[in-house]
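Protein chains: 2
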Amino acid sequence: MVIFDDGQATTSNHDVEVIQQASYTGYTDPNYFLAHILAYLETPPYLRKQLFPMHPDLRLAGTLPSLDMPHHLRRTDWCQYREGIATSQDVTTKTRGNPVKKLKPKVSKVMTRVDTGLHQAVYVSIAVPTQSRLTVKFRDSDFLNIPSGELTATAVAPSTPREEAGYYWGYSTRSASSLSTVLTECPFDGGYDLTIGTSERGISLFDLNESSAKAQAVPEFRHMMVVFGGVAGLEVAVKADKELAQIGVHSPEALFDHWVNLVPGQGSRTIRTEEAVWLGLMGLRDLVLKNGM
Amino acid sequence: MVIFDDGQATTSNHDVEVIQQASYTGYTDPNYFLAHILAYLETPPYLRKQLFPMHPDLRLAGTLPSLDMPHHLRRTDWCQYREGIATSQDVTTKTRGNPVKKLKPKVSKVMTRVDTGLHQAVYVSIAVPTQSRLTVKFRDSDFLNIPSGELTATAVAPSTPREEAGYYWGYSTRSASSLSTVLTECPFDGGYDLTIGTSERGISLFDLNESSAKAQAVPEFRHMMVVFGGVAGLEVAVKADKELAQIGVHSPEALFDHWVNLVPGQGSRTIRTEEAVWLGLMGLRDLVLKNGM
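Taken in sequence, the protein lines are chains A and B.
Residues 73 to 365 in the numbering used here are what the first sequence spells out, letter by letter.
Residues 73 to 365 in the numbering used here are what the second sequence spells out, letter by letter.
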């Protein structure tokens, strides 16, 4: 999830970092505020206290709807994967071979203790900086041993639960200082290979779906980016973007592979961004299943 | 929009009417509360003070997202249709023909004054009880005369703006005491001719869409009803329904023409009803456009 600055908020960048540390940013820096809340909501409830210090932004976050994602596990839930936080490191030094004989090499073994929201202490056999979040994987047979004292696990990439077992494992949140950096600061090799901008002035989503079913108007893709505008639409974000002005891009259609209207014939006069996200994800589902690699 | 009681709220029916008049019903009668809020939100802002007396249910309703529907017109917006409230009746009696000649029939003309949120007073030439809400239609040419003092209009059915001009003109709210009365108390002649129950245990919406595109599995319809369950699903609403028990219906599949899963492969463990409504409306759009009469 990328939160981009469309240049419409009347924020002063003056002392923003100082402000962010101390006070509510909903008015002073709404982009930061949104990213802050989204990152908080994605975090499993049992890790929130440790990863998110008290902050006025989060004062009412507890009243927001629970996302109840697969990695938001309760203490008694079993899943082969869990999110955790490194709490301490133990270094045990063993002398290999017969300890009576001198000059044998000593081997240090680092174990990191991880709080994964289980009753049991969990250890991974690599060094992880204290207070870091990580994803761990248990052996499947550990399920049987749950009542026992300690568990060992392997540290894996956050994408592993999805890639190996098909779990939806949350989202990452990235902040972008402008519309163009949403695309240029893509973390994937090769960038986004399918980009869709949304606007009530675009072509009908249903025409896109039909034409792509027939004529393969939309090629296969690995990384799709769907961009939603704020209250004033994506047009103002293009105008506020200095890098786009420099390369002569003045309209958002030129930025994206497709410029799409998610709700042709909309009844309400405005669609809020948070509403458009639902509609977009549902409306693009077919395309993702058919053309996503 | 129909709010039905699925029998899961721990309300006492004792003195419910008294309670409703005075206090917050979010806990004592959540079905009433929801219907109350939805009816309030549908009402154009300029009519709310008159149609909704102060009530604790509505204390925070002003902070809810604006629906911004086409009939939520601002004072300076022009639309050939408007929602209004009858404020007073004028009866003018005229003697037809030459008033000097006696025994001519007297003709009473009733005009109802309507507040439609415009600066101008608006009159319709029928008697409408004071404080009633009604839909009025202006002559198109009235637009030119807007700055002048008074306007006359015709009272029309609330469905007229949609039928004549394609406007989305809001929704009506109905309360049902059980799941079965959602269907049996249908206000349309012939009832609902396409009913869809939603559940994560139903068939995939995408299979329904594909099979209906090919084999006409879904016939043409006039009045579709899509039913969403509460937290515990539609199954508990069937169990709580005495009329369904009497006729031997014990599972929701038997109640509906189609029993559909809106989000096959859902990532989050639960989908809230208010989220399912978005997904359902978007997911069923194609079906409505193709098969709706």
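Treat the hints as calculated values from the structure; they're not laboratory data.
Some hints could be false.
Remember, identical chains collapse to one label, so a pair may be satisfied in a single copy or spanning two.
[Stated by the list, open to error] Mimicking SDA-like on lysine to any residue, the simulated pairs with C-alpha atoms at most 25 Å apart in a straight line are:
| no. | residue 1 | residue 2 |
| --- | --- | --- |
| 1 | Lys209 | Cys258 |
| 2 | Lys121 | Val349 |
| 3 | Lys311 | Tyr240 |
| 4 | Lys209 | Glu315 |
| 5 | Lys209 | Gly339 |
| 6 | Lys362 | Ile275 |
| 7 | Lys314 | Arg146 |
| 8 | Lys362 | Ile319 |
| 9 | Lys314 | Met73 |
| 10 | Lys314 | Val303 |
| 11 | Lys178 | Tyr195 |
Identical-chain pair category, Lys362 with Ile275, by Cα at 25 Å:
both (20 Å within a copy, 19 Å between copies)
Evaluate Lys314 and Arg146 at a C-alpha cut-off of 25 Å and name the case that applies: within, between, both or neither.
For Lys314 and Arg146, neither the intra-copy (47 Å) nor the inter-copy (36 Å) Cα distance is at most 25 Å.
Can you tell me if Lys209 and Gly339 fall within 25 Å by alpha carbon in one copy, between copies, both or neither?
between (48 Å within a copy, 19 Å between copies)
Given a CA cutoff of 25 Å, do Lys209 and Cys258 count as a within-copy pair, a between-copy pair, both, or neither?
neither (27 Å within a copy, 53 Å between copies)
Is it within, between, both or neither when you check Lys178 against Tyr195 at 25 Å Cα-Cα?
Answer is within: at 22 Å inside a copy they meet the 25 Å cutoff, but 98 Å across does not.
With identical chains treated as interchangeable, where does the CA-CA distance between Lys121 and Val349 reach 25 Å or less: within a copy, between copies, both, or neither?
Close neither inside one copy (28 Å) nor across copies (33 Å); limit 25 Å.
Tell me, please, which holds for Lys311 and Tyr240 at an alpha-carbon limit of 25 Å: within, between, both or neither?
neither (36 Å within a copy, 33 Å between copies)
For the identical chains here, do Lys209 and Glu315 meet the 25 Å Cα criterion within one copy, between copies, both, or neither?
Intra 43 Å, inter 50 Å, cutoff 25 Å: neither.
Up to 25 Å between alpha-carbons, please classify Lys314 paired with Met73: within, between, both or neither.
within (23 Å within a copy, 47 Å between copies)
Measure nothing new, just compare the shortest in-copy and cross-copy C-alpha distances for Lys362 and Ile319 to 25 Å and report within, between, both or neither.
Classified as neither: same-chain Cα gap 34 Å, cross-chain 44 Å, threshold 25 Å.
For the identical chains here, do Lys314 and Val303 meet the 25 Å Cα criterion within one copy, between copies, both, or neither?
Answer is within: at 20 Å inside a copy they meet the 25 Å cutoff, but 48 Å across does not.
Of the numbered hints stated above, those contradicted by the structure are hints 1, 2, 3, 4, 7 and 8, listed in ascending order.
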